[in-house]
Structures are given as structure tokens and as C-alpha cells.
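Chemist: The lines below spell out each chain.
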Amino acid sequence: MASVTFDHATRVYPGSETPAVDALNLEVADGEFLVLVGPSGCGKSTSLRMLAGLEDVNSGRILIGDRDVTDVQPKDRDIAMVFQNYALYPHMSVADNMGFALKIAGTPKAEIRQRVEEAAKILDLSQYLDRKPKALSGGQRQRVAMGRAIVRSPQVFLMDEPLSNLDAKLRVQTRTQIASLQRRLGVTTVYVTHDQTEALTMGDRIAVLKDGLLQQVGTPREMYDTPKNIFVAGFIGSPAMNLGQFKVADGKANLAETHIPLTREVLDSLTAEDNNEITLGFRPESLDTTTEGDVGAFPVTVDLVEELGSDAFVYGQLANKEAAQAITSGAGESQMIVRVDPRRPPLKGDTVWVKIREGEQHHFSPATGLRLPS
Amino acid sequence: MTAPVTGPGVSGLRSGARARRKARWTFDNISFFLVFLGLPLALFLLLVIWPFIQAVFYSFTDWGGFTQEFDIIGLANYERLLNDATFKTALGNNIKLAIVVPLVVIVVAMIFATLVTVGGRGIGQTVGVRNSGFYRVVSFFPYVIPAVVSGVIFSKVFDPSNGLLNGLLPEFLRQNWLGQVSTALPASMFVIIWGAVGFYMLLFIAAIKAIPAETFEASRLDGAGRLRTMWSITLPSIRENIQTAWIYLGIAALDAFVYMHVLNNSGGPDNTTLVMPQYLFRLAFSQNQFGYASAVGVAMAVVTLVFAGVVFTINRLTGGTTRSN
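One line per chain: the protein sequences are A and B, in this order.
If you count by this note's numbering, then the first sequence holds residues 1 to 374, one letter each, in order.
If you count by this note's numbering, then the second sequence holds residues 1 to 325, one letter each, in order.
You may find that some hints are simply not true.
Unchecked claim - Far from chain B, some chain A residues (derived; all Cβ distances over 12 angstroms):
{"#": "1", "residue": "Ala52"}
{"#": "2", "residue": "Pro74"}
{"#": "3", "residue": "Asp76"}
{"#": "4", "residue": "Val82"}
{"#": "5", "residue": "Ala87"}
{"#": "6", "residue": "Ile104"}
{"#": "7", "residue": "Ile122"}
{"#": "8", "residue": "Arg152"}
{"#": "9", "residue": "Glu285"}
{"#": "10", "residue": "Arg339"}
Stated by the list, open to error - Partner residues are not named here, just some residues of chain A that face chain B (Cβ under 10 angstroms, in silico):
{"#": "11", "residue": "Gly15"}
{"#": "12", "residue": "Leu54"}
{"#": "13", "residue": "Gln84"}
{"#": "14", "residue": "Pro108"}
{"#": "15", "residue": "Ile112"}
{"#": "16", "residue": "Asp124"}
{"#": "17", "residue": "Tyr224"}
{"#": "18", "residue": "Ala312"}
{"#": "19", "residue": "Tyr315"}
The hints are simulated quantities; they were obtained by calculation from the structure and are not laboratory data.
Bear in mind the structure is a predicted one, so any value in this text is a computation, not a measurement.
Note that beta-carbon positions come from the ideal geometry of N, C-alpha and C, so glycine has one too.
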């Protein structure tokens, strides 16, 4: 077992000007479960493949433990990878698939058999050891791919969206299985996903990437509570955070008839580039329903109510049509999401007045996109 | 046409379900069968099966080939065949070709195909060696040259006094390549192999490209080197292609007429490069023994069928299937 270090690791694909991964600096501690997350094309898979040695490193270094593996062949890196399509060897039985790496390493047959059987027992694959992959279901294939990785007891596990070919229910189930298996084995793991829910539920720490640049690394709680910039704020959390453009005047953030007081610290950290504007972020659960006339209240026209049993989410927009497009949430333009009491949801077309709970708003600079101290 | 179109409901409830499945004699059906089944079948019967039956028939006669007269002499031609030392030499040469040529071509083509697809440097993406696109095109050139032409070229290359090969070799290694017993057959084999490798390499490249890249990546991460990957991953994945290649090459080697005839039309020193078709040709057209030549032809067909049977059996015994998944 070992730590993993990306030291200014950069990958530029031939024929492209912009790097797919740009000077990535990241440290994964021994035994840690790190999730790389980001939208498609953000360089998360490329980063993982660089660590595996399946992608060149154009500049910078990659270390496993204290060993610089930048120019080491994948076969000599002592890592195991679970691929999105599992990449099982179709002509080999489950047992042979799992034991292939040990066979190459020259492990005695009896020991291979024993280790394969142990892994099969953990993954509930014992009765399928003699089958070929094509005779297995998607979930079983996924477990064989996991088994192939754990049989080797490598220094690092790499997982490239291993759950995306499973159906929704199995995905949730397997998610917890993988996370608990990793805790049990204590092997350093780097996990790639585009699904922020997977990232929040599985990782010890999360690294968010965008356009090849690392945006923020931290525990799920840190990512959720103190996103470093507008991108992370909008990406982490489901439903997404509401982000609004406000004009700053008289020490308040103003949008139409809404005026939200700002602290001195926030006001001081705004610069001339911000042009007297500020971006406020507030999560759907940070909004309380209130009455008209309350300080800092928004009128929201309800477009849709999503009832989930435990929660209900109102998808709407500001009642003031001119100001509505200033607030966005997730992919929606002119959209605002509010969590409301599921017992008394408003009706479509209603106008509800909501207010940001004290201290639960996030302040960002419109010019740089960075979080402002508060 | 005036034939009424009978819908499923027309024949009534009683036989409705059955009528739907049954083919009906409409113009469309009949013309379809005539054009797509009748015509090819007729051509096949006329141009393949009928001459074959004729050849079998003539093999029971003493027909000379250039007159109308012949007598049916029963199995006499086959008796003669069993005791014919020249035929046995030719059969032996064909068997040597059918063993050596496919083996060497497949091994060499497989190595080249691996090199230009997945055999590149061990780090980074799974790619072939540098400039592999260039090698791919170049390696195909020999296949573009007609067999007769490459035969003529190599008969000049192997020429003992003015040949390119002897010109390049130091004095003590110079040989009369096609003119002596020890080198005539190997030299001829080389020419056939040289002509075939490019095509089979291309066939294998296409097959390897069809394997998902992740499979190779998984094997590299599992610690497999180039040879190991080729043996444990590539070969089992493309075994159907290799089997097909083996049968094609075997059948080509059981023929080999063009190459052998151009390189040594006499059959080589001591008949060391004589192959069955060459012997058949000689019997039929220089010695006017069409009846006996037909018997040789029938024997050739039997040998070819036996060869195909052997390849399929070997494949079956080593765990392959003839059906793809």
C-alpha cells in the first residue's frame, strides 16, 4: 500500500493546444479513497490513465509511494484497474480472469487458487468461477472486474466509472459495497466518476476537475459547505445550488425588490473588477418560506413541484420577469430551486416568498468566480 | 401479374395461422427463387459439379485427351497412382508446403500485425511501433504483385551466376538456389511466404483492431509483456481468423502451381519442387494422358478435403468453436 502523488502532471494530446490535464497537483494518502469528479471532458479519466501509465505524462511527475513512476511501464507499477466496460478476457473463465495477473507473476498454482477463492467469497462469486464472462449478468461481470483487482492486492486501485453500466438500483447497492470493501482492504483508491452523488457518498476526499484544471480538493463536507468557486458550488450537491447575480449598493446585495444585507468583510473583499456586483449562492435547503415584506425575501413563481416523500422541491423562478434570469440553478436558466415542507407543498402557479437562512449564503466574486471570505 | 394477393384473412379462420407462414406461389416468390437461387445453382452445377463428375468419370478411362476414343478401364488408373513414385514425391512436396507455408506465414504475419497494432512502447496508450502506418502499406506490396511476376523476379534473384542474392552474399555462401536438391524447395517456399505475409498481416491487423483497447490495457496492467499478451490475449481472441487463414493458406499450398511452375517448370532437381498440379499438367498436356491426369486431380481433391478436416478437428480439440459469439 502506498500514497499517490501527482506533481504538476500535464497531458497535452497530440494536435491539441490546450492540455487535457493541466499541471495537476494532488496527493492521495495511504489507504485513502479519493474520488475524481467533474463533467465529461474535464480530464478526470485522463488523470487516472496517467497514473495507470496508459497515457503519457508530457510534463511533471507521478509518484506511487516514494517511487517516481512517470516513466515506468504499467505492468511494473503494481496497480489494478477496474474499467467502465470491465475489460474481462472473454475466452477465460472467471477464475482465470481473476488469477491472470498472479499467473504472470509466477505465483504457485495452489496459492492462486486459494486467493481467487477468497476473493470470490468476498464478492459472492464462488458458484460462477468456472463460467465465461458472457454467461454472467452485468452486475456479476462488474464484481469479477473488482475481483480481478483485489486478488492481486496491489498498491493502488484505480476505478474508471465502474458503476455506469449498471442499472440505477444495482448502482446504489454496489456503491456501498465498493466503499465498504475499500475501507476493509485499506488499499489506496482513486475513483473516477461524473456523478457527484457517487463522489459525495463514497469518497474520503473529493477532487473536482474542470477543463483539465483542479478546482478544489476536500472532504465531502468541505466541498458541500465551503465550495471554493462558483463551478464547485454549482457542481456539488443535488439538486444544485441556486446562484444569483446581485447589484451591490448601500452595503446590500440587490435584485429587483430583494435586498440582502452583506457583512463588512464581504464588501471589503470586492474589487473594482467586480463592477459593484456579487454572486450569491444558496442551497435549496437554505431557504425558508416566509411572508411578503420580510427583509431579504424573494417572491418565487412555482413552475413545478417535485415530491420525493422525505422532501419536496419547488422548481420556479423569480416573480419579477426582468430579474428572473439573474438566478440560475443546475442546467436551468432562470431557475430557482427551493426545498419546502413535503406535507404542505405549494401548487403550480403559486407565488411563494422565501428567504435565505441567516449565514447560509455563499459569496463569490463575479470577476474571478472565487469564494469571498465571510 | 393477375395472381390475386391473398392476405392472411382470405383463407379463412380455419387455416389462417398456418397460411401466414406458408410460402405461396406468387410471381414475386417464384421470380425471387429463380433469380437468387436457381441461377447461381445452375451455374454452380454446370461449371463446378458437372466438370467434377466428368473428371471422376474420365479417371476411370484411358482417354488421351485429343481424340474421341477411349475405353473404360475401371480402377486401373488408381492402381497405377498408388505405385507412382513421381506422384508420391509430388504429394510429399505438397504436404511439406501445406505444413511449412501456413505455419511460417501465420507466425510472421502475427508478429508483424502485433507490432503495428499493440506492440509499441510499453508506456502510454496502446499503440503500434513508430511509423506503423508506413510499414502496414509497405508490407502489402508483395501481395499486389501477381504470383507469376514475383516468380519471375525471384527466379532472377536466385540465379546462380547473375542473381542478386549471390551477388550480395560472400563467396562461400553462394548457392545454386533453385538448382540443387537441398535448397530448391526452401527457396521456393520463401517466395510463396514472401508473397502471402502482407495479406495475412492485414487480415490479422483488422482482427486485432476489433478487440476492445481496454482488454489490452487490462492485460498490460496485469503485468503481461508483449509476447505474453500476444499468446494469452490476442491469439485466443482472433483464433477464428487464424483458422480461416490456415485453411486458405493450406489450400493455396496444396496448389502452389503458379509459383512452382515459374520458378522451376521442370519440377526442380530430382523433382524436389514438383507439386501435384504440375504433375497433373504435365500428364495431361505433354504426355496426353487425360484419364490418368483426372485420377491425379481426384486424388488432389481428396487430399484438400482431408486437410480442411484436419484443421477443423485440431481447432475443435483445442477448444475452439466454428461459430462466433
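Chemist: Can you give the numbers of the hints that this structure goes against, from lowest to highest?
Modeler: 1, 2, 3, 4, 5, 6, 8, 11, 14, 15, 16, 17, 18, 19
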